[in-house]
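Student: Residues per chain, in single letters:
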Amino acid sequence: MAEEPVLHSRRTLTLRFNIPIGKTHEFWDALKQGRFVTTKCSTCGNVCFPPQADCPKCMGDKLEWVELGRDATLVTYTYVQITPASFADSDPYIIAIGELSNGIKVLAWLEGVQPDKARPGMKLRVDTRTSKEGSPYYVFVPV
Amino acid sequence: MSRVAIVGIGHSKFGKRTDVNVAELAFESIKQAVSDAGVDKKDIKNVVVGSAGGWYEESLPAVIVNEYAGLNSVGTMRVEAACASGSAAVKAAYNSIVSGEGDVAMAVGVEKMTEVDTLTSVELIGRAGSYMWEFENYGMTFPAYYALYAVAHMNKFGTTEEDMSRVAVKAHHYGAMNPMAQFQKEITLEKALNSQVVSWPLKLYDACPLTDGSAAVVLASEDVARKLTDSPVWIKGVGYSSDSANLSKRSDYVGLEATVEAAKRAYLSAKIRPDQVDVATCHDCFTIAELMAYEDLGFCKKGDGAKLIREGQTEVGGRIPVNLDGGLKAKGHPIGATGVSMMVEVTKQLRQEAGSHQASIKNGIGLVHNVGGTGHYAYVTVLSRN
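Going line by line, the protein sequences match chains W and U. Using our numbering, the first residue of the first sequence is number 1, and each one after it goes up by one. Using our numbering, the first residue of the second sequence is number 144, and each one after it goes up by one.
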């Protein structure tokens, strides 16, 4: 089919969001110090990940911060070769879901493993990182 | 409770549609659906537009679409249930009739996904999970979401990359018979298996394309439906459910809990069993999704999805023919239009108007399975001739 005439819009739109993290900033502060923590509801004892200011189980809002633990087992993973526009500068990456010993699951990049060597069941550890822009984040590494 | 029937259907050509804008694209389906129903458009009291939006220039597609079609002063809204927006639109239009707001309503699904570049589309869909915990730091993509399911399914049940490719081959086989499909070419198993890896183990031929397209259905109350047509297709039951946005909160990665729950509710409300379904459309945004759908809808035991495709049970002549219009894989997947397009296909099948890809209709029952996101939403709609 021949290309039809289109109007290439002259008005562009760049979206960048300011996302409030005030209610759970302790998570990111701890991550900067190399600690991996989350919220526990003081009323019903429910542990949440990602951390939440309000308990989804009993709807209470009294929380304490607890260590999450670092040891994990690989549940599933994928090797992403076509990356989104805003990750154009990234090399292909492995995204994994790991299960911590307390049953909580975490999604993060898996680093330090050749894609063809990753296997469900393999032992992992949560490690902390700092992005080029200075933001803390967490990854899995093999044990 | 009043019964509601599909009395008119319309469907645009799917593909890269640089020849039309979003309103013109929707109009192609609206015009056909109104004409097929034989209604005066003044009698349509509610128009629900399913569109996820974001890929095209208009922010309020419902009003843009209605204005272009001359549907003035109608009750309207745009509904969003991600890739299940179309089914959600049909449900909302159905509700308006059941609740007595009017006797005739229309659901329109439309999406124009190719007005932005491909990687921006990848970005827009990749953000459709839990942004802060999956995208900001880790760049999730839609293929990546389903690849996580594929690896878990392969690991637990021995499903193979070849099994997934078989789904693509079937989709293209039927897509080749559908003049409205984006891809109308058969492919070989080798071609699918050797295509570019997008997010391992999913390859280009495991993934649905980015698509522009629209579809529309006119719904009517029982009294009006009987006057309009001799072949009403009744909405016999609808079930819908949802699951966590954040994938790490799901219990496992071998099936979609939202589908299981939606199916249970749909079968209950339609008072049917899965083995009574003559023909189905399943949400095959990725090949693994179709295999999981067979299992989650109860067409086979959990873990036996690959067996069903290997045995050809989901082709014409098989136990439960699935996606005889080419599915999302070959027909294309214009997000908000998909659910409505599925209703159009199953209505055609139940009316015995599907021509070269007609399934054998014994019980007069068809099923539409439409997933939003990665099982974030699921809708199962049972359609029936009786």
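Each hint should be verified, as a subset may be incorrect.
What the hints assert, rightly or not - Here are the simulated lysine-lysine pairs, DSS-like style, with alpha carbons at most 27 Å apart:
1) Lys328(U) <-> Lys184(U)
2) Lys159(U) <-> Lys117(W)
3) Lys445(U) <-> Lys505(U)
4) Lys57(W) <-> Lys407(U)
5) Lys123(W) <-> Lys184(U)
6) Lys392(U) <-> Lys370(U)
7) Lys184(U) <-> Lys57(W)
8) Lys299(U) <-> Lys407(U)
9) Lys32(W) <-> Lys414(U)
10) Lys185(U) <-> Lys445(U)
11) Lys299(U) <-> Lys123(W)
12) Lys450(U) <-> Lys299(U)
13) Lys505(U) <-> Lys370(U)
14) Lys328(U) <-> Lys159(U)
15) Lys392(U) <-> Lys414(U)
16) Lys444(U) <-> Lys370(U)
17) Lys23(W) <-> Lys334(U)
18) Lys40(W) <-> Lys62(W)
19) Lys185(U) <-> Lys174(U)
20) Lys117(W) <-> Lys392(U)
21) Lys328(U) <-> Lys445(U)
22) Lys328(U) <-> Lys370(U)
23) Lys188(U) <-> Lys117(W)
24) Lys370(U) <-> Lys450(U)
25) Lys299(U) <-> Lys159(U)
26) Lys132(W) <-> Lys40(W)
27) Lys505(U) <-> Lys414(U)
28) Lys505(U) <-> Lys62(W)
29) Lys132(W) <-> Lys23(W)
30) Lys188(U) <-> Lys334(U)
31) Lys123(W) <-> Lys32(W)
32) Lys334(U) <-> Lys40(W)
33) Lys299(U) <-> Lys156(U)
Claimed, not checked - If you only want the chain W side, here are some residues facing chain U, beta carbon under 7 Å, derived:
34) Glu4
35) Leu7
36) His8
37) Thr73
38) Tyr79
39) Thr83
40) Ala85
What the hints contain is simulated information worked out from the structure, not anything from laboratory work. Here the structure is a predicted model, which is why all the values come from computation and not from measurement. Each residue gets a CB set at the ideal place from its N, CA and C atoms; glycine is no exception.
Student: Could you run down the list of hints and mark each one as holding or not?
Tutor: Checked hints:
1. Lys328(U) <-> Lys184(U): Given that 27 Å is the threshold and the Cα spacing comes to 37 Å, the pair is violated.
2. Lys159(U) <-> Lys117(W): Judged against 27 Å, a Cα distance of about 39 Å means the pair is violated.
3. Lys445(U) <-> Lys505(U): holds (26 Å)
4. Lys57(W) <-> Lys407(U): holds (25 Å)
5. Lys123(W) <-> Lys184(U): violated (63 Å)
6. Lys392(U) <-> Lys370(U): violated (50 Å)
7. Lys184(U) <-> Lys57(W): The hint is violated at about 48 Å.
8. Lys299(U) <-> Lys407(U): Given that 27 Å is the threshold and the Cα spacing comes to 24 Å, the pair holds.
9. Lys32(W) <-> Lys414(U): Violated - the C-alpha atoms of Lys414(U) and Lys32(W) are around 56 Å apart, more than 27 Å.
10. Lys185(U) <-> Lys445(U): violated (48 Å)
11. Lys299(U) <-> Lys123(W): holds (18 Å)
12. Lys450(U) <-> Lys299(U): Answer holds: Lys450(U) to Lys299(U) is near 14 Å, not above 27 Å.
13. Lys505(U) <-> Lys370(U): holds (25 Å)
14. Lys328(U) <-> Lys159(U): holds (16 Å)
15. Lys392(U) <-> Lys414(U): violated (32 Å)
16. Lys444(U) <-> Lys370(U): Violated, because 42 Å separates the two Cα atoms, which is more than 27 Å.
17. Lys23(W) <-> Lys334(U): Not OK: Lys23(W) and Lys334(U) at ~51 Å, beyond 27 Å, violated.
18. Lys40(W) <-> Lys62(W): holds (9 Å)
19. Lys185(U) <-> Lys174(U): holds (13 Å)
20. Lys117(W) <-> Lys392(U): Answer holds: Lys117(W) to Lys392(U) is near 25 Å, not above 27 Å.
21. Lys328(U) <-> Lys445(U): violated (31 Å)
22. Lys328(U) <-> Lys370(U): Roughly 41 Å separates the two Cα atoms, so the pair is violated.
23. Lys188(U) <-> Lys117(W): violated (59 Å)
24. Lys370(U) <-> Lys450(U): Violated, at about 45 Å.
25. Lys299(U) <-> Lys159(U): violated (38 Å)
26. Lys132(W) <-> Lys40(W): violated (31 Å)
27. Lys505(U) <-> Lys414(U): holds (17 Å)
28. Lys505(U) <-> Lys62(W): Violated, at roughly 59 Å.
29. Lys132(W) <-> Lys23(W): holds (25 Å)
30. Lys188(U) <-> Lys334(U): With a Cα-Cα distance of about 48 Å, the restraint between Lys188(U) and Lys334(U) is violated, given a limit of 27 Å.
31. Lys123(W) <-> Lys32(W): At roughly 24 Å apart (the allowed maximum being 27 Å), Lys32(W) and Lys123(W) satisfy the hint.
32. Lys334(U) <-> Lys40(W): Status violated; Cα separation ~51 Å.
33. Lys299(U) <-> Lys156(U): Not OK: Lys299(U) and Lys156(U) at ~39 Å, beyond 27 Å, violated.
34. Glu4: holds (4 Å)
35. Leu7: Violated: closest Cβ of chain U sits about 9 Å from Leu7(W), beyond 7 Å.
36. His8: violated (10 Å)
37. Thr73: violated (12 Å)
38. Tyr79: Holds, about 4 Å.
39. Thr83: holds (6 Å)
40. Ala85: Holds: closest Cβ of chain U sits about 4 Å from Ala85(W), inside 7 Å.
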